[in-house]
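Enquirer: One letter stands for each residue in the lines below.
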Amino acid sequence: MNALVLDSRQWTDVGAVTDVPLRGARRVPTRAGDVAIFRTGDGRVFALKDACPHKGGPLSQGIVHGHAVACPLHSWSISLATGEPLGADHGKGCAPVVPLRVEDGRLLLGLA
Amino acid sequence: MSVREKLIVVGNGMAGCRAVQEVLKRNPDRYEITIFGAEPRVNYDRIMLSPVLAGEKTFDDIVINDAAWYADNGITLHAGVAVEAIDRQAKVVCGAGGIDAPYDRLILAVGSDPIRLPLPGAELAGVVTFRDLDDVEAMVAAAKPGAKAVVIGGGLLGIEAAYGLSKRGMSATVVHLMDVLMERQLDASAGFLLTEALAAKGVETVLEAQSEKILGADGRVTGLCLKDGPTLPCDLLVMAVGIRPSTGLARAAGLEINRGVVVDDALRTSDPSIWAIGECVEHRGQCYGLVAPIWEMCRTLGEALTDGEGAYEGSALSTRLKVSGVDVFSAGKHQGGDGCEDIVFRDAGRGVYKRIVLEDGKVAGAVLFGDAADGAWYFDLMRSGEPVGDFRETLVFGQAASEGLRGLDPSAAVAAMADTAEVCGCNGVCKGEIARAIADQDLTTLESVRAVTKASASCGTCTPLVEKILKLSLGDAFQAQTGPKPVCGCTHRGHDETRRRIVDEGLKSLPAVMQALEWTTPDGCASCRPALNYYLLCAWPGDYRDDRQSRFINERAHANIQKDGTYSVVPRMWGGVTSAAELRAIADVVDKFAIPTVKVTGGQRIDLLGVRKDDLPAVWADLNAAGMVSGHAYGKALRTVKTCVGTDWCRFGTQDSTGLGVRLEKFMWGSWTPAKVKLGVSGCPRNCAEATCKDIGVVCVDSGYEIHVGGAAGLHIRGTEVLTKVASEDEAVWAICAVAQLYRENAWYLERIYKWMDRVGLAWIKSRIEDPDQRRALYDRFAYSQRFFRIDPWAERVAGRDAHEFNPLSRRLELASV
Numbered sequence: 000m001n002a003l004v005l006d007s008r009q010w011t012d013v014g015a016v017t018d019v020p021l022r023g024a025r026r027v028p029t030r031a032g033d034v035a036i037f038r039t040g041d042g043r044v045f046a047l048k049d050a051c052p053h054k055g056g057p058l059s060q061g062i063v064h065g066h067a068v069a070c071p072l073h074s075w076s077i078s079l080a081t082g083e084p085l086g087a088d089h090g091k092g093c094a095p096v097v098p099l100r101v102e103d104g105r106l107l108l109g110l111a
Numbered sequence: 000m001s002v003r004e005k006l007i008v009v010g011n012g013m014a015g016c017r018a019v020q021e022v023l024k025r026n027p028d029r030y031e032i033t034i035f036g037a038e039p040r041v042n043y044d045r046i047m048l049s050p051v052l053a054g055e056k057t058f059d060d061i062v063i064n065d066a067a068w069y070a071d072n073g074i075t076l077h078a079g080v081a082v083e084a085i086d087r088q089a090k091v092v093c094g095a096g097g098i099d100a101p102y103d104r105l106i107l108a109v110g111s112d113p114i115r116l117p118l119p120g121a122e123l124a125g126v127v128t129f130r131d132l133d134d135v136e137a138m139v140a141a142a143k144p145g146a147k148a149v150v151i152g153g154g155l156l157g158i159e160a161a162y163g164l165s166k167r168g169m170s171a172t173v174v175h176l177m178d179v180l181m182e183r184q185l186d187a188s189a190g191f192l193l194t195e196a197l198a199a200k201g202v203e204t205v206l207e208a209q210s211e212k213i214l215g216a217d218g219r220v221t222g223l224c225l226k227d228g229p230t231l232p233c234d235l236l237v238m239a240v241g242i243r244p245s246t247g248l249a250r251a252a253g254l255e256i257n258r259g260v261v262v263d264d265a266l267r268t269s270d271p272s273i274w275a276i277g278e279c280v281e282h283r284g285q286c287y288g289l290v291a292p293i294w295e296m297c298r299t300l301g302e303a304l305t306d307g308e309g310a311y312e313g314s315a316l317s318t319r320l321k322v323s324g325v326d327v328f329s330a331g332k333h334q335g336g337d338g339c340e341d342i343v344f345r346d347a348g349r350g351v352y353k354r355i356v357l358e359d360g361k362v363a364g365a366v367l368f369g370d371a372a373d374g375a376w377y378f379d380l381m382r383s384g385e386p387v388g389d390f391r392e393t394l395v396f397g398q399a400a401s402e403g404l405r406g407l408d409p410s411a412a413v414a415a416m417a418d419t420a421e422v423c424g425c426n427g428v429c430k431g432e433i434a435r436a437i438a439d440q441d442l443t444t445l446e447s448v449r450a451v452t453k454a455s456a457s458c459g460t461c462t463p464l465v466e467k468i469l470k471l472s473l474g475d476a477f478q479a480q481t482g483p484k485p486v487c488g489c490t491h492r493g494h495d496e497t498r499r500r501i502v503d504e505g506l507k508s509l510p511a512v513m514q515a516l517e518w519t520t521p522d523g524c525a526s527c528r529p530a531l532n533y534y535l536l537c538a539w540p541g542d543y544r545d546d547r548q549s550r551f552i553n554e555r556a557h558a559n560i561q562k563d564g565t566y567s568v569v570p571r572m573w574g575g576v577t578s579a580a581e582l583r584a585i586a587d588v589v590d591k592f593a594i595p596t597v598k599v600t601g602g603q604r605i606d607l608l609g610v611r612k613d614d615l616p617a618v619w620a621d622l623n624a625a626g627m628v629s630g631h632a633y634g635k636a637l638r639t640v641k642t643c644v645g646t647d648w649c650r651f652g653t654q655d656s657t658g659l660g661v662r663l664e665k666f667m668w669g670s671w672t673p674a675k676v677k678l679g680v681s682g683c684p685r686n687c688a689e690a691t692c693k694d695i696g697v698v699c700v701d702s703g704y705e706i707h708v709g710g711a712a713g714l715h716i717r718g719t720e721v722l723t724k725v726a727s728e729d730e731a732v733w734a735i736c737a738v739a740q741l742y743r744e745n746a747w748y749l750e751r752i753y754k755w756m757d758r759v760g761l762a763w764i765k766s767r768i769e770d771p772d773q774r775r776a777l778y779d780r781f782a783y784s785q786r787f788f789r790i791d792p793w794a795e796r797v798a799g800r801d802a803h804e805f806n807p808l809s810r811r812l813e814l815a816s817v
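Chains as they are written, first to last, in numbering that gives the first Met the number 0: chain H, 0 to 111; chain U, 0 to 817.
Just so you know, the hints here were simulated from the structure itself, not pulled from any lab data.
Quantities reported herein were computed from a predicted structural model and do not represent experimental measurements.
Relax, there's no trap hidden among the hints.
Some, not all, of what chain U presents toward chain H, calculated at C-beta under 7 Å:
no. : residue
1   : 178
2   : 186
3   : 337
4   : 523
5   : 525
6   : 552
7   : 807
Dumping the calculated DSS-like pairs for lysine-lysine here, alpha-carbon to alpha-carbon at most 27 Å:
no. : chain 1 : residue 1 : chain 2 : residue 2
8   : U       : 562       : H       : 54
9   : H       : 91        : U       : 562
10  : U       : 361       : U       : 332
For each residue, glycine too, the CB sits at the ideal point set by N, CA and C.
Extracted from the complex, chain U is given alone in its bound form (with noise of 0.2 Å):
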């Protein structure tokens, strides 16, 4: 036999070695192979370092190659020695202490290098990163129950490794720069998802947090000092906030190096005599960080060392995270973009959350949270860019579901199905039992359908499948049904429902409304999104965070925008009484920012008009100056308490209907409601207050004070109707935040107190405010809200609160042309 080529690795790792199986797998007899490895011991499967973490696999178990493989295959393996050097000339590469070996054709596998943030005290004892099975040992080491271990980097890696040290008995808190885990592969939605699924698991999130520095005590970490933020203490702190090819050698040894070591489609470096392969390479740009990739190269590697046809074209991603109990998968265009359309499947009582992304009619990405079997179908059908129009109604199902019906069209697709194919995901109800329903029980509707077998009762999701069916079943007698009005188009459930199940259900953040209510649109739209977020405000004050980016601008700069793009300022004047310092200080912003209309408003208000944006903050600080608040002009909110001068002054007045205006004013501004809420106070039955159209008015007369609701002067004209009459002032302002409150908790987003009133019928509202208990508990409930937002936005964003809404990002554009 003639002299074999040398082939020689460097890196006894999963690239490594798995290109040495393709070449033996090829033929078997060309080399005569030797493999470097830094690692004292045999080729293990690295991506299962997790597992051993959590000590829910031993190393034993991820061991990929044993010393027997490479005894069996003629291979020397040198573990535990590090190559120092390659010497391009003479062919040879040099090992630690002093082993040096002669190679005809060279593999690089070594590699990538995790990342290690050079934040102060990064050398303490205790700081460890998340690669090798050296780094495991070094945690399980630390892992004493009890402790506390701080990960930073909520990617793939650092979850996996604050999920093992929580299994192993640490309280395990994951620090994440962005405002999403794993916001590379997930959406938030998913991200959402799995920060409570790790919460059940006892791991902590605080996201948007940078890390400042680490703190230590006798040479061993103590904690981690956010920035602008807590110190979270620790008794170990894991950084894993990503890798870097390992290059150094190559670099040395002169080949061309970018982010990696540079390949071609034959993974061949700069040396026609070198390949690479694995973490250490950048081929067409690109590093992957990822195992499929790199058995993808490996099989280019070993066809091209055998003198085989194939060349290596890059590679799809997907992604699974290994956290048991907690399925989570990703693919391709997970995030969607122009041109993409998105098929979102939520199933609440799962905990399940899919997203399809459609481009041109094929699969083009996926996110799976809770259920993601089908992964590597969704997977498939990407990489293979199959039209999936004919079975695109139940491709959100999985493969189960869909096979069998491509290429018919929808109906014929439908006819196709067996009985046994499941329709209903939410409520495991296949065709057959919606088919046998419609049948038996002579059901036309698709309401019907649902009552009877709860077959889209849920998500909703499979309504156009089960309408299929009834028409298929009825023919033309089938026409499709509507239920009760939905929030908008993300979702087919009516504002009660949505507002009922936040409430009964303990639902306190716009993703947890989403999920648990099945929205079909991964963040909703500008329709539901201010909605949902004000229910969950009413329903949770105190407790829920506001939500900035679903207020539409006007709440969210607190001032209107006008058509120019510019906004007005409405300084509050409670109750329409001012003074001279208060109109002298409005006169003064005035001229000070030249501000170009002042008007007079119909709610007794004064109206500085087209003032920029970026004044806003400065000319609320000199109103605050003078005394003055926000008008919330702007807002669904109470708006004004207009008022005449009653008693004071008037010879007709009965009562002090200024003074009640003003009570009523500075008691329940800052209150958040579903449309706007304006209010007026007359003095008498003369009325020049208008009180009469108002949303809720006060009508003085010598007796009390007559309560009304539900007018309007805008749209639509309509007089109030009265709601109750009182002897007292404090009956009175006791009623009227009652029936304020009771809007607020009832009526859907947008709807006008008098549309409110047309819908649930004013002798619902009388009777709840009639009750003595029903109306106490309203205006507790009312006061008790009030404690939160009874504050003047001005003033907070006069502090600083909220900055970057009104400055620009960046000025360093002004002078130049876009």
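The following block holds chain H by itself, in its conformation from the complex (with noise of 0.2 Å):
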């Protein structure tokens, strides 16, 4: 969580973002845990640690709707681009949210 907020950024490329179904995610393994990327109907792309902010579930494995993603443990709905949680939840905790760029149709994980 604090590495988030260092300034020197590392960008990896971790696959293209065509490798991430529409309205779907994939996970991204790192030693501090999963990192999911999301990709919304509109082709956007999302990053967020893989946890549910309830109960750590793995939100790569949820339904992706809108800019939201219904975790797949207790249908928690969370902000793809904030992290937080949505409607009654909202305030209760937060996905933290991993940097992410796009270039030349690739994706890049920001890394402290």
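Now that you have both chains on their own, put them together as the hints suggest.
Expert: Structure follows, in structure tokens:
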């Protein structure tokens, strides 16, 4: 978590945008746990730590709708842009956002 | 008169000539102007080349400035003369054929070059780009009726090219790398409608297709070969995959270049005597390929070159597709985003989809399909940043419905609406009609207003407005009403209507359903998508392509997710019968993959818990090798058929309950259902298989088989009801499959059989199963559907299907911390 705020960021190519299914997600394992990369119906991509703020459910396994994902364990709806729960569960924690860039159709994850 | 300054413009296109017009408008006498143009013709409207290609306009129609304009304004035009170099020291441009011209000030407006994909065969005759009139003429020459054209690129230009060629009598196919046409301008819903509209105009679309090589014979193109796909034969291949700023000349002259020629807010390059505009430019890191920003640049440049004030600060973008009869508009944050909210309006009857994106109470973007008349108005609202909260409810209906409501509170706004203002766009009902109907016919409910006036009876978007009119008319006497339970928050339609219309209207895809039933969200939610996906695959077995992304993870991964993100694996054991070989294979799998827990389930199966997702295909491969298939313990599907040992062993058994259970399971496995379905077959009324608390149960008796339905032993405890009694095993199988199919076709998603039975009544179910014709038809439909679903999903994935589901995207960061 602390590593997220460090400045010297390394960008790592983790695959093509099209490797992530539309309205779907893929996961990228790291030593600090999985990162989930989402691709929404309108073609945008987002990255969050792959853990729901509720019970740590793997968000990468949820149903992606609009710019949100429904956690597979208890259906909390999580904003892909902020990692925060939406609706009734708003304000109950947050899945950290992981820096993600797209360059020439490639996904670049930002590491500290 | 003193000697005038020499202004040279390199580029006789839209930007170059517009810039000259802007200068002349401000000071017609200041400069002696010379224009160089590489194309041997006067200035024309390049964005109108599409209608020329389509034969809807001629070249003369799209000329902006004819020869007389150059003469009248004293402009020297070197048409067909490309500029080869700029000598910045001497301030001279060098044109082809030795035409040199000195300048005091120079404008670069050289535009962009079409990108040519470096595919094998790209040099063949008949492979063209779509950029200028020469390209159009080459395409028109090749466009013989009946010939085939393939266009690579499903963006604006590619679609317009394909449409034009189709109008010329060719059969045209658009090949697009992404899964949505014009994905930079449209969302998936609008992209789907566009695909359909183009198909209706004879333009086919192949999405998610990567071009591999171009085939040819005798130096001419004959086809395009797609990676992992078919070869599309063609006589003409158009590459419309994008443009690149033309920077060669500026680079050679030593100007600062990035993606384009870099300019400041005054549009001046790194040389203070040289300005640049149009598609060759990079301003604040942004390159533009649309006309509106170019007009804005030209205005700024006109000021700059006549000592005026003004800076170019970048442009908001909007796009309009120029295909006759297909109205498409897109602007701004059309895809929404963090902190944005969507207003979605669909009118299935007119084929209209509108999505207005709001951010902080202001319009931030819009996608319009089928009716783009208000595009300019939304674009204006977006650029002005005007708060739209006062007329939010009518915003989606456009300018006419919304003007006059600004600055009023919602109720007052409704009161202030003119009687002639349209409230319901779907059915063309205005406020006056609604108010009169309420008064004249003593209407008090939303439903009655819907019944009488049709207002809000289609898409429902205007429901709040109709309710406000009711409230205004009735005061406190009005109470909000509710109709049938909606599928979810994305729609006001209920499950029954949705299922019926999927069948009646032949709707065969999620976007088709969402459009026809006027869903109010762009791509549904986690509640409606799995429901619709099920309704579609139930209605159209073998025809509908399952949408994986609308499946809950368990049905996507074909295993049960556990609280720690691992999975459980339950192989099928037909009727609960297993063997030493199967048990040995299971034991080996447990050892090999270090599976932490092995548990016997309530449905007579063995559950392997704690399997890592990456291991699933390998676990399945080993189980498959021992003859075991998926137990579907994870699905809204046929789960288990629990049996007792029946006449084989039991001294009380009356029938072969084990055999019947195995037979039922082998016939019914793999079928998807609204909610999970568990069966039980007991060999005598002692009921050791607990068949009377199953969704469907069989209790064998001496004289035959009692078929039971509607039991439950979970959240609720319910004994079954007897559906029918039959004499033979065949009849038992027919009746059970028939009632399963009735449930599959009729129940709401996630509704267990006992809940469904409560809702529709046992009598209704009985009446259908007891009628021999209906029973037979239901059985036949079940059997037909099973031809497509009685397939082991594990074996398919062992063979490589959906490999991305089980593999991480990348393992490069496994040792890094994020």
